[in-house]
Amino acid sequence: MAQLSGTPVLILREGTERTRGKDATRQNITAARVIGETIRSALGPRGMDKMLVDNFDDVVITNDGATILKEIDVQHPVAKFVVELSKTQDDAVGDGTTTVAVLAGELLKNAEELLDAEIHPQVIVEGYRKSAEKAQEILEQLAKDVSIDDREMLKRVAHTSMGSKIVADSADYFAEMVVEAVLKVVNDEDKADISNILIIKKEGEDLLASHLIDGIVLDKEVVDPNMPKKIEKAKIALVADAIELTKTEFDAELSITDPSQLESFVQREAEMIKELANKITNAGANVLICQKGIDDLAQHYLAKKGVLAVRRVKKSDMEKLAKATDAKIISSVKDITSDDLGSADHVYENKVGDDDMIFVEGCPETKAITLILRGGTELVVDEADRAVHDALCVVRNVVNDKKVVAGGGAPETAIAAKLRDYADTLTGREQLAVKAFADSLEIIPFTLAENGGLDPLDILMQLRAEHKQGKSTFGVNPIDGRVEDIDTLGVVDSISVKRQAISSAAEAAQMILRIDDVIASKGTAGGPPSPGGPGGDMDDYD
Amino acid sequence: MAIQGQPIIILKEGTERTRGKDATRSNIMAARLVADAIRSTLGPRGMDKLLVDTLGDVVISNDGRTILDEIDVQHPAAKMVVQVAKTQDQDAGDGTTTAVILAGELLRRAEVLLDKKIHATVIVNGYKEAAEKARQYLKEMAKQIDITDEKLLHNIAKTALNSKGVGGAKELLSEIAVKAAMRILDGGKVDIDLVSILQKQGKGLEATEFVEGVILDKEVVHARMPKKVEDAKIALLNVALEIKKTEYDAKIRISDATKMDAFKEEESRIIKGLVDKIIATGAKVVACQKGIDDLAQYHMAKEGILAVRRVKKSDMEKLAKATGARIVNTLEDLSASDLGSAGDVRETKIGDDKLVYVEKCASPKAVSVVLRGANKYITDEAERALHDALCVVRNAIEDGYVIAGGGAPEVMLARKLREYSTSLSGRKQLAVEAFADSLDLIPKTLAENAGMDAIDILAQLKEAHSKGKLYGLNLLDGDITDTFKAGVIEPLRIKEQAVRSASEAARLILRIDDVIAAKKLAGEGPPGGMPPGGMGGMPPGMGGMPGMM
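As you go down the protein sequences, you meet chains W and A in turn. Yeah, the first sequence ends on 1518 if you go by my numbering, and it's all consecutive. Yeah, the second sequence ends on 661 if you go by my numbering, and it's all consecutive.
So that you can see chain W by itself, here it is in the shape it has in the complex (with noise of 0.2 Å):
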């Protein structure tokens, strides 16, 4: 608009920050590079730790890429998107985390290159989208069957990914357990549900010590010491209402006019205390879990009868021993009854660490477990807790779709061996956004054999050659720093981690590839840097 001389008209509030065309994408690209970047190093078993130290010195020592980039403060809007994009990955299917960050990354990157080609964005994103379709499609053909009888599959899924975590030392020990308990909860329809899986983490003792109990542990200690620890043949009654005088909801007052009143009312309430626990016990129950307050004079009542009461319990446990225990939750302690006691074989309290806790086994439905984390540190055990749940989700979701990939940047290779050989079958410039595409996937072997020490060129070389040959099975095994067939090593993948992963990955990087004018207003701290000027500055378009 220069040639319209006179003064600058300003349409945008002052210091609006402008960032447009080809600036706007190659900016863009790169804070999206950045952040896949940052976290390559963490992929595959040969990845190492980031220590995040955050504005209140609290620490995380992870590999998991959903962790990283939780905890890393990122600014700019454009790789705010990439790290929503693990977000998912991990809501979604619970690994792969860092797979799609580095996939998402190097996608823009090869993008970048055609648009130096001159290649139209819009062409790009066109061919990105039919090699994403076309990806998922070959993934299918990769995929294996799998029977969820079939343990030793299982294991091995569970133990590809823990591989890269701390837990990998321990990685069978702990595979037997994450299968263990997902087999646990699986339904009738068979599916799982690893929401009926309890963790409870404690420091001490170390990784080995982590142990699955079949059935449920609240991290309570029995209120009264009076009471029983050790419950046989355990009659539970789940009370989600308080022990204790409830108030009424209007205000209410004693108005007490004559001094002989004044211990009938304190013995008036001790009386309905009494009563509370008596009902309790009168149902049967020799076992009380709350959740909300017990009050002493009801556990002194409720210890005299032998009960033993845990109070302060959280609604999803409250949940999940009804569940297990067949118990029906009450909300109003007159109205118990013995239809609504719970069962299980033992409730016990018992010390893990320093701190008791309550375990309920032997439950009448069994699809509820509760695995019990041990490791030298705080540090420590939230990793192992993040490990194993990432091994959890995979194992679901083998269980659940009931297929399976080889690992080891086998079916990335193989998928980028085909959209190559289907790029050819197009025609125009889509197809050289095809083979980037392809290119982008070879990433993730490409990072496998780096973080592995390997020289990732020759290893991706034979590893092309291996595929031509049509062992699409072969893949990266960076621990012993060769190529070979991932079948037989046993490290497998769920199909639905690579499928969300790259359909994640291609849709962040078509949206972002769409974009050409970035408009940040003021007060964005580290918004997207240099400006392009403020409004008026724009070219004009006769």
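It is worth saying that the hints were derived from the structure and are not from the lab. Since the structure is predicted, the reported quantities are computational estimates derived from the model, not experimental observations. Treat each hint with caution, since some may be false.
[Stated by the list, open to error] Chain A is faced by these chain W residues, among others (derived, beta-carbon under 7 Å): (1) Ala1068; (2) Thr1222; (3) Met1248; (4) Glu1483; (5) Arg1490; (6) Ser1497.
[What the hints assert, rightly or not] Pair ranges (Cβ atoms, derived): (7) W:Arg1396 with A:Lys461: 37 to 47 Å; (8) A:Gly463 with W:Ser1240: 55 to 65 Å; (9) A:Lys597 with W:Arg1396: 32 to 42 Å.
Think of the CB as a built atom: it goes at the ideal place given N, C-alpha and C, for glycine as much as any other residue.
Fit chain A to the given chain W structure using the hints.
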């Protein structure tokens, strides 16, 4: 001031004033800048914008209205152009970018005429006449459709979705838009508010789900309640299932120890009474707009009632329509006849969130869409895209007239208007011609955004039209063709509205010759001396005086 002597200041100090040609020019410039800002988003090969607001929230969009809403436009004339986008969005639901860039171009062409000393009012009149003629020509070109022709509606939806960043899900979303619109079609009207759109991150856009019924983004309140109820009788309550307190501050005074628990008992009984009233009607599902007391939840759970609380008002209304229930404000009035019914009510988990689906409703006039996508930006943009698609399908169904897309109507209009202008005498002719020229910008921009040579394309299009072929740009294949046959079709209402609102905005801006802006409040203290009341004393006849400071 030309009147000699001391300058007479009649406005509050600090007031900025621009007059005459300067004012017109600066207004035109501002409007053009807005138009220019969103020009690159037009068409299937248009690009997106990434907008960051002062709080750091990010929006990525291709939708003209959304972009203009998000950018903080300051200039008053620019704001008027933003208004054009809003009107277009409200009336037609799509074509916001078209309307805005057309307004910008009309102003640019007007400026050229102003430079030739053609008076603004002549241009305004010319534009007005041209816009009226344009509507007539558009009507002539439009085709009436059979609204049961789903394939055609599908194409219309796809045309709207083409430019949005929904890539591979285009087919699916257009199918959803048509299915939804057909389902809620009622007496020739389509109320797209009946379509509720939910976003859930995870999976990809292809996993987007169409549900015939209402989805509540809430969970069942109590663990003991059933998660699935079939052939459900549904009660809709706009009343809290809690102890209601008096408006007055009330206090209970207990003077007898034996009565201590009686009050609490009474309260429990009241709550039980509320639930009993619901139970008595035979309701198996309760959707409550307000809270539900723990105890009430418990009593309902015991009766096997599925209850959801704090349901949004808009969802309550949708439920009412879908299930035939009446929203009840006091439980006293609740009777069996107020209940609605649905064949299937169940809680479902998507990702980590629980949702309640109400399906197989008595009346199928409520539909829901659950959008999936890799992250929030993607689902946000998909929601906007779906909204636009719904709007265009609605327009087509309601009006029954459609027109080819891809710039074909604009080329046709430009041609006919040029012809028409020769029949006019006087300077108005030039204005109508300028209007015609402005319309060329649409096919030109479409071509430009796709990386094609705009001049070549325009020449080819004009040639085709002169031979009576109403061709437009088919950008997916990158050539010129009969866009109607190629399935690039838009509702007539969008084009009509775009031409009308663009020309109205242009006319409005052209008529302004004086901009008086009060000083920003953020400035320093109150100005001294000058009495307030600025404009009242303006002498007339100052219109033509340039250069007033």
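(request) Return the numbers of the hints above that this structure violates; sort them in rising order. (result) none
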